[in-house]
Structures are given as C-alpha cells and as structure tokens.
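Top to bottom, those sequences are chains D and A.
If you're matching positions, the first sequence starts at 1022 in my numbering and goes up one per residue.
If you're matching positions, the second sequence starts at 51 in my numbering and goes up one per residue.
Calculated from the structure, these hints are not laboratory results.
Cβ atoms here follow ideal geometry from the backbone N, Cα and C, with glycine treated the same way.
Be aware that one or more of the hints could be misleading.
[Said to hold, decoys possible] Simulated coverage check for chain D against chain A, where a stretch passes if three residues somewhere in it have a Cβ under 8 angstroms from a Cβ of chain A:
(1) 1061 to 1069
(2) 1119 to 1131
(3) 1207 to 1217
(4) 1290 to 1296
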Amino acid sequence: MTAVGAPQERAQLAPLLTEPEREAPVRRPPRVRGTLATGLLYAALAAVTVAFVYPFVWLVSASFKPRSEVFDNRLVPDTFTLDNYVQVWHEAPMALWLLNTVVVTVLATVAVTVSSAMVAWGFSYFRFRGRGPLFGLVLATMMLPGAVTMIPTYLIWDSLGQVGTLTPLWAQNLFGSAFYIFLLRQFFLGLPRELFEAARMDGANQWQVFTRIALPLTRPALVVTALFEFQAAWTDLMRPLIYLRDSSTFTIPRGLKAMLDQFGFGGEWHWEIVVTASVIATVPMIVLFFLGQRHFVEGIATTGSKG
Amino acid sequence: MRRSETRAAWLFISPWVVGFLVFTAYPVLYTAYLALTDYDVINDPHFVGLENFRTLMEDPKVALALRNTAVFVVMSVPAHLLVALFLALLLNWAGRASGFFRTAFFLPKMTPPVAVGILLLLLFNGQSGLINRVLASVGIDGPAWTTDPTWVKPGLVMMTLWTVGGSVVILLAALRSVPQELYDAARVDGAGWWRQTWHVTVPMISGALFFVFIVNTIHAFQSFTEAYTAYFGSGNTTYSNDAALFYAIYLFQQAFQFLHMGYASALAWLLFVVIMLVTLVQFRVSKRFVFYEGEQR
Chain D
1022 MTAVGAPQER AQLAPLLTEP EREAPVRRPP RVRGTLATGL LYAALAAVTV
1072 AFVYPFVWLV SASFKPRSEV FDNRLVPDTF TLDNYVQVWH EAPMALWLLN
1122 TVVVTVLATV AVTVSSAMVA WGFSYFRFRG RGPLFGLVLA TMMLPGAVTM
1172 IPTYLIWDSL GQVGTLTPLW AQNLFGSAFY IFLLRQFFLG LPRELFEAAR
1222 MDGANQWQVF TRIALPLTRP ALVVTALFEF QAAWTDLMRP LIYLRDSSTF
1272 TIPRGLKAML DQFGFGGEWH WEIVVTASVI ATVPMIVLFF LGQRHFVEGI
1322 ATTGSKG
Chain A
51 MRRSETRAAW LFISPWVVGF LVFTAYPVLY TAYLALTDYD VINDPHFVGL
101 ENFRTLMEDP KVALALRNTA VFVVMSVPAH LLVALFLALL LNWAGRASGF
151 FRTAFFLPKM TPPVAVGILL LLLFNGQSGL INRVLASVGI DGPAWTTDPT
201 WVKPGLVMMT LWTVGGSVVI LLAALRSVPQ ELYDAARVDG AGWWRQTWHV
251 TVPMISGALF FVFIVNTIHA FQSFTEAYTA YFGSGNTTYS NDAALFYAIY
301 LFQQAFQFLH MGYASALAWL LFVVIMLVTL VQFRVSKRFV FYEGEQR
C-alpha cells in the first residue's frame, strides 16, 4: 500500500503552501461544499444506508410474521407473532447446533490466536539462519487456493477417524495461520527491543519474555486476530459440508443450509422457519461486531484483510 | 548463547513448521499425485497418467463452470471496486459524520454467507421478492432473478455487493492518509472537487485500489458459499442450477459428492494455474497504473 507523507513530497510543495494562506484559509480534504452539494451527499449516504440495512430489517420483520405473510414485504408485520421462534426449536436441534458452533468457534479462536502469536514471536524477536526465506514461505502459503490442499487434508482426517466429528473444523488452527502470523509479526516488530533485553537481564527466560512482556503489549492485535477468526469460524459452510454427516454434529451455517433444503426447496415451503433460523444465525455476529467495532474497522484498515 | 537462541526460535515457530509440512507441503505433493490417479477413497489410488486432464478438457461441465466463473469474476470484481470506491469517497466527504454510515455499510459483512444466499433467494424472488416490487413501483417489469439463467449471475453479483463493506473500510483508510497539502496545491491550481478526486485522490490510493482488486479477484474465482446455498441442494433434496455452477462448486461436487478424488485433484490444479496466471497478468498490467510513493524519483 501507499506509504504516505514522504518528506520529499512535503518539501516540494512547501513553497506553494505558504503563499495563499492569508486570503483563503486552509480547508479540509475535498469536502463537497455548498448547501445543495451537502444535501446531495447526505441524501446519497442515507439512500445507501437504507439499501444496506434494509435486508436485515426485512429478515427480522419476516421472522415475526405468520407463514402466509412472510413475502408481503411489509416493514411492520400485519400480524405479529412469536410462533416462528418457538417452532424453529421444535423443527431442528437449534440448541445443539448453537452449542456445536460455540465449541468449534471458541476452540478455533483460542488455538489460532495462541499458535499464531507464538510463531509470529519466533519470526520477529529471534534472528536465526533461514528466517527470511522461511517467512517468505509463510506469506506464499497465503496465495495457495484452498482447493489445492482440500482433498489430502480430508484424507488425513479420514485416516485419523475424525471425519464426522468437530475436530477437523478447528484443529488445524493449532498450527497457526499465515495471515494472522503476518499481522502479529508486524505488531511485534513495532515494540521496542530494549524492553525484552532488559527482562532477559533480570533473569526472565525466553518463554517468560514472550508471555509476560510481549503478549500483554500486543493485546490490540490479539483482539483483532480473535475477532476475525471468531467470525470466520462461526460463518464457515465449506468445512462443515465436507466433514459433518450427522445432523446432531452440525454447526449453525450447516444446519441453516439443511433447513433451507428441507423447508425452502424440499417441497415444504415453510420459509418462515428458514427466515427465523437465519436471524438466529446472524444475530451473534452483529453483537460481536458492536462489541469489537473499533478493532474490526482498525484491523481491516491497517492490514487490508478479507476483502 | 547463540545456539540456545536458535533453539528457542525454532521452538516458537514449530507449530507452523509442523502445520506447514502436514497440512500444506504434503497435501500439495499428494494432490499432484492424485491428479494422475483414479481414486474413490474406498479402493487404492490407481495410476492413470494424464487421463484426468484429458477428461477435463472434454467435460462440458468444466467448460460451463469455467465460463460461469469467468463471467462472475468479470462482472463482480469491477462492480465491487467501483461501488467500494464510491462509498469510500462518500464517507470521506462526509468527514466526521461518517462513523454512523460506516457502521451501516460494514454490518452486512458480518452476515454468514449462508444467510446471504438465503437472502438472495428471498429478495430476488421473481414474483414476490422485494427487488421486483421496488422495480415494479417505477414501472419496470423485473426478471426472474433466481430461475432465469440469464439473470442468475447478475443477481448473485448484486447480492454479494451487499458485503462490499470490508473493501470500503480499506479504501477509506487509504483516502484518509492522502496528504492534505496535495489537495491544497490542487485547489490553488484551480481544480474543483471532481478533478481533485480524479487527479489527486485516485492516483494516491491506487496501491490500495490494486490490493482490493487482486484480493477480490482471487476470492471471486473461488466463490462458493452464496451460490451453493441458493442453487445447490444436498442429501435427499437435490436441486441445481447450471447457471450458478461455479468452478469451486463443481470441484466440491466431484470430490465430496461423487468421490472422484483423482479427477477433483486435477480440477484443483487447473484452478490454481488459472488463478496464478490471472494474478500475474494483473501484477504486470498494474505496473503501468499503480503509483507507489517513493518510487522512481
């Protein structure tokens, strides 16, 4: 990405800047000016906001409608009912699916955060032969499409007798993930080295330097890692499709797909059930976003992740 | 001392080393081998040479899946980039008030892709969907988005544009770091906001634009969940829609529904080569358009 504010640039422009300041006070970025332009800007922002928020509102609203009114596209339900929320627990093992998802998500998040932090620390604090090329290899693995490793990975879990269990959905995270290793390493590199040398002088061993000094200082980046992975693990469909067989082992996205197949297209046409299950699957992510909003936005802005 | 340091370093990176060997290096080599075999998981792999690649060239479904994927990439990636840039510019112009709007734009990104696929079916439904109701209110007779083969991919593109928020955030961060002096200078030269945007902003954030472009291209080539959710059933309720058969979906079916592991491995390698080539071309072409500060001065 563009490194901004190079000194040469400023130097070149400096003479231009000093002159006109008196007559025309310096204004902020290319702000659209004038009442009309401002009005247009906010009208556009409001229109886009409606377009982005409306599908949520539609979904939530539909989940409170009886079957016959789901598609009436009314914002406020004509007949308000909580039946769908009762019904959905009867039609599918939603509680079990939620529990499975929580288990997978928590394990995936903790595993990837801890392991990636360790690896990132190894690549940032220590100097050892082969470090450069090896880290290049870490970055290169990010370019590899998942499809290339998907089949042998399945065969590995199959030979370990783990197909059909939740293990393949999270256990690979024990070995770190290239993207998070990259992110955390950037963060570690920004910490002053003297801090760690001083701790070493005071008799701390390598592990203590990592856990007692480096990790606490890296909290914001660890939070970003955990939030990203929490979202990724919670919403993943591909792996549950590959590895899960029995509906009692399903995660929420896999269960949601099963409900769509049964109640949407399976001939039963109970879309109110599908809609309600979609709301239940989505709400935890919305809550997560509002809990960690700042970290999400800053994390993405600084790492340019997850286009 | 040095030796103990090296040992500590290797201990710290050991999780990745093990993971790389087991879950990347070995699988890459093993799919390369499987691609030359016939393998159904139950019986041992049976070496067939280049047979899979020959089959693949003549498989009409591969041609269809490649075409579908290419059409989707060509429609969705530029649309994604333009919409993301437009929204980021709006937020940048709004200045301090942008926080609320940024949240609104980003929220859909949190929605599970399965739910996005379901929303697609509901909102774009030809008869009762919201999109066609809105179109009808301005006198347009909307198409059958989810069943008419011509409109399936445009519908998918429009629905996935809903999750453009991640790219908006990246571009907004780039916009915010364009030095103020450049705008002041452009203004002194008499440039209005349109010319400032076109001649200052866009070149200054071309690095971020390129990044978003590349990442989205790679993602779009592997697009799976939304289309699979909406158009492909599993288990005893099988339905499918040829217009939405993306390459990743066909690969998944071959591997895990038909258990043609050898053939699927060959498909995976073809996908890898296609993505590499496209990315390479993009990097080449980008050298002409992307401006990195501090370069060639």
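How the hints compare with the structure:
1. 1061 to 1069: Coverage by chain A holds here, the residue count being 5 at a Cβ distance below 8 angstroms.
2. 1119 to 1131: violated (count 0)
3. 1207 to 1217: Check failed, 0 qualifying residues.
4. 1290 to 1296: holds (count 3)
Checked against the numbered hints above, the structure breaks hints 2, 3 and satisfies the rest.
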